[in-house]
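Chains A and B, in that order, are what the protein sequence lines are. Under our numbering, the first residue of the first sequence carries the number 1, and numbering increases by one thereafter. Under our numbering, the first residue of the second sequence carries the number 1, and numbering increases by one thereafter.
Calculated from the structure, these hints are not laboratory results. Some hints could be false.
Derived DSS-like pairs (lysine-lysine); straight-line CA-CA distance at most 27 angstroms [to be verified]:
#1 A:679 - A:778
#2 A:703 - A:850
#3 A:764 - B:43
#4 A:850 - B:43
On the chain A side, residues computed to face chain B include the following (Cβ under 7 angstroms) [to be verified]:
#5 446
#6 449
#7 517
#8 570
#9 616
#10 652
#11 749
#12 752
#13 908
#14 912
#15 915
#16 916
C-beta: ideal position from N, C-alpha, C; glycine also.
Each chain, letter by letter, is given below.
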Amino acid sequence: MIDFGEFREVLGRVEKFCREEVVTLTLARTEPKSENEKLSRGGGRGRARVRLYSVSSVSVLSVCHAMFMDLVFIDGEWERYEDDREEGMKLVARRGHEGRGFTFVEWAKRGLKRRNLVTRASIHGFPITSSPAFKAATNPKPHAAASLRRKRKQMQSRGGHWHVFIPSSGTVRPYMTMSYPGQKRRYYDGSGGGGMGDDSFDARKRRRVDATPMNHEDRIEALILKLGDRSSQAPLESNLNALAGVLEQELSTSKAKIIRIVTDCALAIPEKITIYSTLVGLVNAKSFSFGQEFVESLSRTLKESLRDCAWEKARFVVRLMADSVNCNVITVGSFLQILDAFLDVLGQSGIPQARKDYFCYLILSNLPWVGSNVYAKKPEEIARYMRTISQYMSRGRKKQVSRLLRVWSMDKPHVQEELLSCLWAQICKLSEADNWQEKHILRPYVPFKSTLSAAVSHNLPLITVPPHEDKIVYPLPQVVFRLFDYTDCPDPGPVLPGAHSIERYLIEEELGFVMETYGKNRKDCAARMVEVGAQSKVPIEYMVVETVFAHMLRLPHAPRITLFYTSLLIDLCRLQPMVYPQVLAQATEMFFTRIDTMNVTSFQRLLRWFSVHLSNFQFRWAWDDWEMALSLPNHHPKRKFIQEVLVKCVRLSYHQRIMDTLPENFGPLAPSDTEFIFKYGVEDAGIPGTQACSSLITLIQEKASPEDVVNHLKGLPNPQEEEEGGKEFNPLQIDVFSQAILKLGAKTISHNAAAMAKFNPVFKEIAKTDDAKLRILKNVFDFWRNNSLKVYVCVDKLLKLRTVDCSAVANLVFSLAAEEDFTQVHLWELLNLALSRMNKHVARIEDELKEAKERVKKCEGEEDSDDSDREDAGGAKVKKEKQQEARDLEADVEKWEDQFERAQESQKNLFLIIFQRFIMILTEHIVRCDTDGVDFKTWWYHWTLGYLEQIFIEHHDEVFKFKNTLETLLFTPELDANILELFNNFVALRM
Amino acid sequence: MVDIYGRDFGISQYRDQHFKVYELFSQAGDVKRIVMGLDRFRKTPCGFCFVEYYTRSDAENALFYITGTRLDDRIIRCDFDAGFIEGRQYGRGKSGGQVRDEYRSDYDPGRGGFGKLVQQQRQMQQKTQGGGPGAGGISSGQAPSAAGGPRPHPLQR
């Protein structure tokens, strides 16, 4: 509402007005509680501490008057903070002209004098005004006055500290919901849409604000952090000027700190880099040494981030440098030398392409900032850069990007470009067609041109790029995701920039920053995203939707979980209900049209998004438009998409509800009813075990112990007795027992979990071999055949209880290869569940091992230091104990090492089993189709290969560890070329 | 281990609620367990539950991204919680359900119509209107706004 800088000014007036009363007045800032708050509220809440000799309504009033002089309205009230055991005055400040319809002009019209106008203030919940009602109002009820007197007395005896608590930029809460002392937090009912949780969260936090006064440096930090925020009403120029003035005064005492804060802010909020570089430029114009030190520190930061492989950070440092050139802080020549150092990397040989690509990207992605400046001053230099990069781009590198990273397998209607190639094309267009003039970047230094040109610029020290090492992991290549082009946007309206126009890149990047920065507050995130690109006249809603989906579907991993993007899109729809729902519907339609060529991993994420989105909008969808899918063959992606969406919707609601929203002719695609299938449900069906199962159920219901159950099961005959090797387990036992447990636990997750946990020993007793474990899983699968979610829940529980192991789940999945269910998403969710359980298990043991090793190290370190100063008898005893401890610790390490090895081994085996099974069924399919003389590229093949691809891509970190084993054992040159191609694509991920 | 005081799917007669909650909340991370909130007397769901995750970051995801969205047309509110203790699954309202259901003054069919107190008042009003003017007024002390704020976590450690 009003920003921190202004607020300070206002408080200055307060001081003037209540001179007799105020002893000290400082502006404080509370520490931001979270990263999120730091960014959204500009560094915590502001808080003014006013120490008064005595408190009276007069002082409250003078505070209010003072505020009003600045056209700032105040809602104020006394408040006691329970946690602080303090009380003070909380003022919520708003600028007058954006208040509730009151403007200064309006007041003037009514013939009121400013001084007579006191906005709402209250003591203990009772309003006070300066009108004749003032006296009555300050003493409206005897008990209130009494409590006020009592508190005043208390406070005076404690030395008379009073706090004026003023949130600097908090939202103004409606007057009615403000709390007064003693009032407890109330729930208010959820009628107003989303975000109630946020509010109540705030209210509680506010009460816990601690009372430490804000020191000087914190104040500067807050000012710098909030610079250029849209909440500020004053124009950016005056803010910049004012802050530069403040910083100049502070330079003598805290120069290093200021440099650090400015750099940190710029790197953390890269969309504001140009604002910070302007600030540095302005301070540099006043103090030469500041600029000098800033440049040196920047160069140090760049070195450090390159050394630590902080690739994104290094990119932003270079961007800050580039923009500092524009602000006359850094000389053009010395900046170009840095770029030269990066350019040299492109010409080196014997290093991976990923390294060259990164440095190429480092240069290209920062050229839009400095391009026009360099072009004006040193045109021949920039031409040389373009030539070198062009050489590299056209000849020096493999252009083929791994197929695994592509969301769409086809290049129609939009070409699937690799990020670097696309950026190169955009930069080429910028340099040739637009003369380096881009239209998006905010350039706040333009108005200060004369001031800045008078400043002295500095030379950047030369840096050397740290050499390549084999263990360094470079960023993976990326594929640019495109959904819309200019024909998709409504005709009269702004035009969407073309795929090769630099604005597209710049806006997408900025939207990405916003999602990164506001990741924990999707409401703010949505609000900020809508504002991006306001000055460059683009159909921002299309770019926002495209960028959100680009992030959601990005391979191999999205930056955040799908749920974040889902709720972000919901919030966007709520924020602009006339805009976003339409664009989203259009996007969904496009996804549906092109879904045949979509990657299976992205397909699943899209599915998850769409089902939750529908559940938030009453499952309303124009299903009729998708009627054509009904005539498509089974396994067709369009058909599958509808089927799977409906299954997910049923999971989020209930069967009848979904059926009611669906047109009647969609029957074949509708999910089946979600009831279980109890094998022994019919009494006289003649299935062996029916009797045993019903008696077992009664037994368990009578609270039998696991031992009783085992005894009961022992009575069952083994139908495999005669067969060879049938002695290992008794399938009838397993069937009867599993069905009984599932039946008893069918009601809720808790019932299920409790039943499985209690009778886990029985499972372990009767199922010791892999086949027996598979049999359990088969029972689960058959029992819940109609309800994929419950299969998932049961398998998850069985895995957690270690009743079955991950390889059994893999066996289950592949045992269904011949069946209809094989291509269904939920089956593969099971496999991925097993794999991620395994990976987590290995990671946990690895952590334990690391910790154990560290403990040994620490212990050794202590021993060394002890040796020198403890020679007497007591020391010897201690030493002995120490040695014992060290031995224990080492044994611990050995134990973990052993476990780690075993875990890794089983992880490797699991992956090998899965890949082997995949190869088997795929090869079989291809051979069979060849003999039948039909094309093997059926939809079944499409899905199966897609799921194999998904395993490669989702677990690429793990699979890379045993790439060599895979190469020698499974993916040998004799393999079918189609499957081998997939593996080669995977290897190509890390070139 | 962090609980989420996830709540609000209305008083629905469908026992699949448990699984619905699982479906939605498991998208935020690996769910450890779900404890449904029950009416203290009738032992029926009364619109809140505890969802426990293995890691705090998963719980944060749920808090940040599920709060304010809908499940079965009910808005969900999430809050961090110190941890589930046996006994906390029961509603603490006078009539057995949630405290907020006692004092609610709006009409919400998904939560069983009006708040409990308002329902009582209405019933009494109907009685008094039917039985003539002799029955006397309703104590104003029972007005929804006069209630002390509900304390959300009686056993908070």
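For each hint, the structure was consulted:
Straight-line distance between C-alpha atoms of residue 679 of chain A and residue 778 of chain A comes to about 12 angstroms, which keeps the hinted pair within the 27 angstroms bound. About 45 angstroms separates the Cα atoms of residue 703 of chain A and residue 850 of chain A, which puts this hinted pair outside 27 angstroms; it is violated. For the hint pairing residue 764 of chain A with residue 43 of chain B, the CA-to-CA distance comes to about 34 angstroms; that exceeds 27 angstroms, so the pair is violated. With a CA separation close to 48 angstroms, the supplied pair residue 850 of chain A and residue 43 of chain B exceeds the 27 angstroms bound.
The interface hint given for residue 446 of chain A is violated, since its Cβ lies 38 angstroms from the closest Cβ of chain B, which is over the 7 angstroms cut-off. For residue 449 of chain A, the suggested interface contact is broken, since its CB lies about 43 angstroms from the closest CB of chain B, more than 7 angstroms. About 14 angstroms separates the beta-carbon of residue 517 of chain A from the nearest beta-carbon of chain B, more than 7 angstroms, and the hint is not met. A least Cβ separation of about 6 angstroms between residue 570 of chain A and chain B falls short of the 7 angstroms threshold, and the interface hint therefore holds.
Restraint check, residue 616 of chain A versus chain B: the minimum CB separation of about 5 angstroms is within 7 angstroms; hint holds. Of the supplied interface hints, the one on residue 652 of chain A holds, with its beta-carbon coming within about 6 angstroms of a beta-carbon of chain B, less than 7 angstroms. A distance limit of 7 angstroms between C-beta atoms decides the matter here; for residue 749 of chain A the minimum to chain B is near 5 angstroms, and the interface restraint holds. Residue-level restraint check for residue 752 of chain A is violated (minimum Cβ-Cβ distance to chain B is 9 angstroms; threshold 7 angstroms).
At a threshold of 7 angstroms, the smallest CB-CB gap from residue 908 of chain A to chain B is about 23 angstroms, leaving the interface hint violated. Restraint check, residue 912 of chain A versus chain B: the minimum CB separation of about 25 angstroms is more than 7 angstroms; hint violated. The closest approach between the C-beta of residue 915 of chain A and any C-beta of chain B is roughly 25 angstroms, which is over the 7 angstroms cut-off, so the hint fails. The interface hint given for residue 916 of chain A is violated, since its Cβ lies 28 angstroms from the closest Cβ of chain B, which is over the 7 angstroms cut-off.
In summary, the structure is inconsistent with hints 2, 3, 4, 5, 6, 7, 12, 13, 14, 15, 16 from the numbered list given earlier, while agreeing with the others.
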